[in-house]
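J.: Residue numbers (my numbering), protein chains in the order written: chain A, 1 to 419; chain B, 1001 to 1419.
Note that these hints are calculated values from the structure, not bench results. Heads up, the beta-carbon is just placed ideally off N, CA and C, and yes, glycines get one too. Hints should not be assumed to be uniformly reliable.
[Unchecked claim] Mimicking DSS-like on lysine-lysine, the simulated pairs with C-alpha atoms at most 25 Å apart in a straight line are:
1. A:32 with A:51
2. A:332 with B:1051
3. B:1273 with A:332
[As the list claims (entries may be wrong)] Label pairs and their calculated CB-CB ranges:
4. B:1025 with A:358: 25 to 31 Å
5. B:1316 with A:21: 31 to 37 Å
6. B:1226 with A:238: 31 to 37 Å
7. B:1273 with A:314: 42 to 48 Å
8. A:238 with B:1311: 29 to 35 Å
9. A:25 with B:1314: 27 to 33 Å
10. B:1328 with A:416: 55 to 61 Å
11. B:1322 with A:220: 18 to 24 Å
12. B:1264 with A:328: 29 to 35 Å
13. B:1050 with A:358: 53 to 59 Å
14. A:299 with B:1316: 46 to 52 Å
15. A:328 with B:1273: 51 to 57 Å
2 protein chains.
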Amino acid sequence: MTAPHRALSAQNIAAEIAGGRMTAQEALDQCKVSIDRDESTIQAFTHQPSKLLPGKGSLAGIAVGIKDVFDTYDMPTGYGSAIYENHKPVADASVVSMLRRAGATIAGKTVTTEFAWFAPGPTRNPHNPAHTPGGSSSGSAAGVAAGFFPAAIGTQTGGSIIRPAAFCGVAGYKPSFRLFPTIGMKQFSWSLDTVGFFAASVADAAFVAAACSGRDLGVDQADQTVPRFGIYRSPIDDQMAPDMADALQKATSIAKEAGASVTDVVPPEPLEKARDAHAPIQDFEAALSLADEHMRSPALLSAKLRDHLDAAAHITPETYDNARRTANHARKASRDLFSTCDALLLPSAPGTAPETLASTGDSVFNRLWTLLGMPCVSVAGLTGDNGLPLGLQIIAPFGQDKRALQAAHWLEKQICLNA
Amino acid sequence: MTAPHRALSAQNIAAEIAGGRMTAQEALDQCKVSIDRDESTIQAFTHQPSKLLPGKGSLAGIAVGIKDVFDTYDMPTGYGSAIYENHKPVADASVVSMLRRAGATIAGKTVTTEFAWFAPGPTRNPHNPAHTPGGSSSGSAAGVAAGFFPAAIGTQTGGSIIRPAAFCGVAGYKPSFRLFPTIGMKQFSWSLDTVGFFAASVADAAFVAAACSGRDLGVDQADQTVPRFGIYRSPIDDQMAPDMADALQKATSIAKEAGASVTDVVPPEPLEKARDAHAPIQDFEAALSLADEHMRSPALLSAKLRDHLDAAAHITPETYDNARRTANHARKASRDLFSTCDALLLPSAPGTAPETLASTGDSVFNRLWTLLGMPCVSVAGLTGDNGLPLGLQIIAPFGQDKRALQAAHWLEKQICLNA
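Work out the full structure, taking the sequences as your base and the hints as a guide.
T.: So this is what it looks like as C-alpha cells:
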C-alpha cells in the first residue's frame, strides 16, 4: 500500500511564484490544506503557528518544517523532552535565521525523538500509518512526504536524516560535518550532530540548502556528466533485507544501462575499524551535553535514555580519545575510496520502514558515514515487497557536497525514468 | 604600584580541607570576605548568589567564577548583552555541571565583554583599578587575582584567556580545542571558541581542570624533567613593548641557568600565512551565530559589534572555506615546530595591561594559537616597568595539554625562585 505521492517540489513552487502563476501566500495556503486534512493522522508537528505568512527572498512562499531540537524565538521548543515542555527560547537557531533571511516561512516545529536520540514521538509514516516514519527527524521527513511543507530541517548524529528520508520516500541530504551551523540546536554529540535537509527531490533539497547558505550547492540540471559509482561492500551487508539487496541490484542495472560505471569498492581497514568508534564518541559527549538534565531531572528522562546516560558517564576520557583517534585515521583513509569512483552507492537503511511506532529503525548503514563527516544523500523512487519506499544513499568525499548532490540527482532521474 | 598578591591556591585549600585544618565552608567564607571588601572596586561579578555553600567531591570548598557566557540554571545569564538582560537559562552549561559534580561551588557569574567579543564591561584590574583587566574573560581573571575565588572559567576565541591572565598576574590555561565542551556556552565562532581556566598558579589551574574532567592533567610536582623551550621568532615581535622583550630575555636566562635549553624556532611559512585566516573564520561564523540578534535586535547591540556583523555578513563562503583550508595546512605544519623543543615560549600579550577601561587590549600574540587549537598556558611572576604583571605563554602541540602545563609549571617555579 503506497499513499499518493504528495510531496511538494520547492523548486517548482519557487518557479511558479517567480513566473507570476502563483502567489507566495497561495503556495503556503496549499500547505495548510494538506496539513488540515492529514495532520491528525500523521502527527508531524509539535507546534504550528496560527497563520503561514510569506517572507521576502528566493524562498518566499516555501514553508519549512523545523525539527524541534532547533530554537525558535516565536514557537515553543521542546527537544522531544518533558524537561522542556513549554520552553521558549530567546533567539532562533542559526539555520532558522538563515531560512527566514532567505524568505522561507517556518511551517512549524516537527516531532523529534527525545533529544534526537531513541524514544519515538507519535509521528506516523504517510505511506502507511502503522509504520514508523524513521527518526530521529520523524516529523520533518513525514511532513515533506505528506505535502505539509516542501522542505524541512533535521539533524543526524547516527542516521537521523538518511533513514527517515528513505522510510518516507523523500530526498534527505546530510551535509559535510559542520557545513551548516549547530548554533541554537540542542546538541547530543558535538563531534557528530549534523544539520541537514529534507525535500521532495534531491534537486529540491539542494535548492533550499543553496538558497539559505549562499553556497554553490544547487544541482545543475543541464550537467550531462555520468557519475562513476562505487558499491561499498562491507561485513554488515548481510543486514540488508532481501528487497533492499534487490533494490541495490536494480539501481546498479539502471545506472549501468544509462552509461554509468558501477564497480565494487573494498573497504579500507581503518574504515571498518572505525565502526566501533561511533558509540563511545557519541555516548561520552552525550553524558556531558546532557549532564544537567541527567543530574537534576532524571525522573523526566525516558528510562532508556536515563540508563544509557548512567552507563555513558562511566566511559573514560582514554576510551573517548582512542575512539577519536580511530575516527581520524578513518577520515584520512576515506580519501582512498574515490580512486576509481566519484561517489559511493549504499542502502540508506536495512529495508523499508518497520511496522511499529515503538522504534524508529536501525542506523547501522549510517553511523560510519556520520562519524566520517562525509556528505550523504538519500535517493527515493524504489519500493520494497510491501510497497513501502526503499532509499539508497550516495556518499562523496568530505567537503564535496555538490558532487554528492549531483550524483544523487542523476541516479534519482534514472530511477524515475525506469521504475 | 602592585596590589598585594591575594590570589588563593585551589590546591592548598583542597589540601587544608582534606587534612581537616579547614572546613569547606570556611574556605568559601574566606572568599566572601574578599568579595565583600573589594568587589565595589573590582566589579568582577554580574551576579552573586546570596550564599556560598559547599558541594561534595575533590573540589568541595573551591569557589569558581563562571564567565557570564555560560548558562546557569540558578543564576541569570546575560552574555554581556542588553538583549539577554534577566535571561534565565533552563540548564547549566556542561562545564558548570562538571564543576558542580566535582563538588565546586559556583561563586557567581563574572563580567564578560559583549558576547565575549570587544565591548568591555566595568571590571578593573586588581593591580591598578585604572587599568583594564583584559578580556573578554575580564571578571574571571580579575576575580582570581583579587582572591574572590581560587579558580574561574573563561573562554578564548582570540586571546580572551591568556591575555587577561597575563594582565591580572594569574595563571591562564587555554586547553586544546574542544577538550572541554562548549555546550551551554553562547558561541561566537564555533571553530575557535575554547573553554579554559584561571587560577593562582599553573598547578592550581591543572588541578581544577583535572578534577572536573577526570583527565590526567594534574601537574606532577615530583617530575624533575627540564623542558626544552623554543622561542617562536615572528614578524609581529616588533609589537612587544620594551619591558616585555626584557621579560622574555629574563625568562630565557632564568630557564637556561636552571638547565633548560632555549633555542630559536623559525616560523614555518604555513603558520605565518594562517595569521590572516583567523578573522574571516571568526567573523563569518559570528555573523551566523548571532544572526538572530543581528536581524531582530540591532538596536540592543553595541554600535561596534553591529557594524562588525554588518560587514561580516558579506564574507563569502568561498573566503571562509579558503581560510579554513589555510588553517588546516598550518595545523599540519605546526608539528614541525617541536622537532628541537618540547614547548614554545612567547609573550602572552604585547606588554602590561593598558591604562584604560575602554579597551581590553590586543590579542595579536594569541589569535594564531587559538586558530591552531594548541594548548597555551600563561605564566605570571614577572613585572613591567610600571610594576604591573607581564605574562609569558607556553604552547605545546595539539592534544599535549599535560606537556604544556608541566613546562609552564617548571618555568613558573624558576621565575618564582629568581624574580
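J.: Hints first: check each against the structure and report whether it holds.
T.: Right, here's what the structure says about each hint:
Between residue 32 (chain A) and residue 51 (chain A), the direct Cα distance comes to roughly 9 Å. Compliance with the 25 Å bound is thereby established for this hinted pair. The straight-line distance between the Cα atoms of residue 332 (chain A) and residue 1051 (chain B) is roughly 52 Å, outside the 25 Å bound, and the hint therefore fails. This hinted pair checks out: residue 1273 (chain B) and residue 332 (chain A) have alpha carbons roughly 24 Å apart, not beyond 25 Å. At about 50 Å, the beta-carbon gap between residue 1025 (chain B) and residue 358 (chain A) misses the expected band of 25 to 31 Å.
Checked against the given bound of 31 to 37 Å, the beta carbons of residue 1316 (chain B) and residue 21 (chain A), roughly 33 Å apart, stay inside it. Hint check: residue 1226 (chain B) to residue 238 (chain A), Cβ distance near 57 Å, so the stated range 31 to 37 Å is violated. A C-beta distance of roughly 44 Å is found between residue 1273 (chain B) and residue 314 (chain A), which places it inside the suggested range of 42 to 48 Å. Between residue 238 (chain A) and residue 1311 (chain B) the CB atoms are about 55 Å apart, so this pair departs from the stated range of 29 to 35 Å.
A beta carbon spacing of about 31 Å between residue 25 (chain A) and residue 1314 (chain B) agrees with the range 27 to 33 Å that was offered as a hint. Separation of residue 1328 (chain B) from residue 416 (chain A) is about 39 Å and departs from the stated range, judged on CB atoms against 55 to 61 Å. The beta-carbon spacing between residue 1322 (chain B) and residue 220 (chain A), approximately 23 Å, falls within the hinted interval of 18 to 24 Å. A hinted range of 29 to 35 Å for the beta carbons of residue 1264 (chain B) and residue 328 (chain A) is consistent with their spacing of about 31 Å.
A C-beta distance of roughly 47 Å is found between residue 1050 (chain B) and residue 358 (chain A), which places it outside the suggested range of 53 to 59 Å. Taken as a hint, the range 46 to 52 Å holds for the pair residue 299 (chain A) and residue 1316 (chain B), whose Cβ atoms sit roughly 49 Å apart. One distance hint, 51 to 57 Å for the beta-carbon pair residue 328 (chain A) and residue 1273 (chain B), is violated here, with the actual separation near 24 Å.
Checked against the numbered hints listed earlier, the structure breaks hints 2, 4, 6, 8, 10, 13 and 15; every other hint is satisfied.
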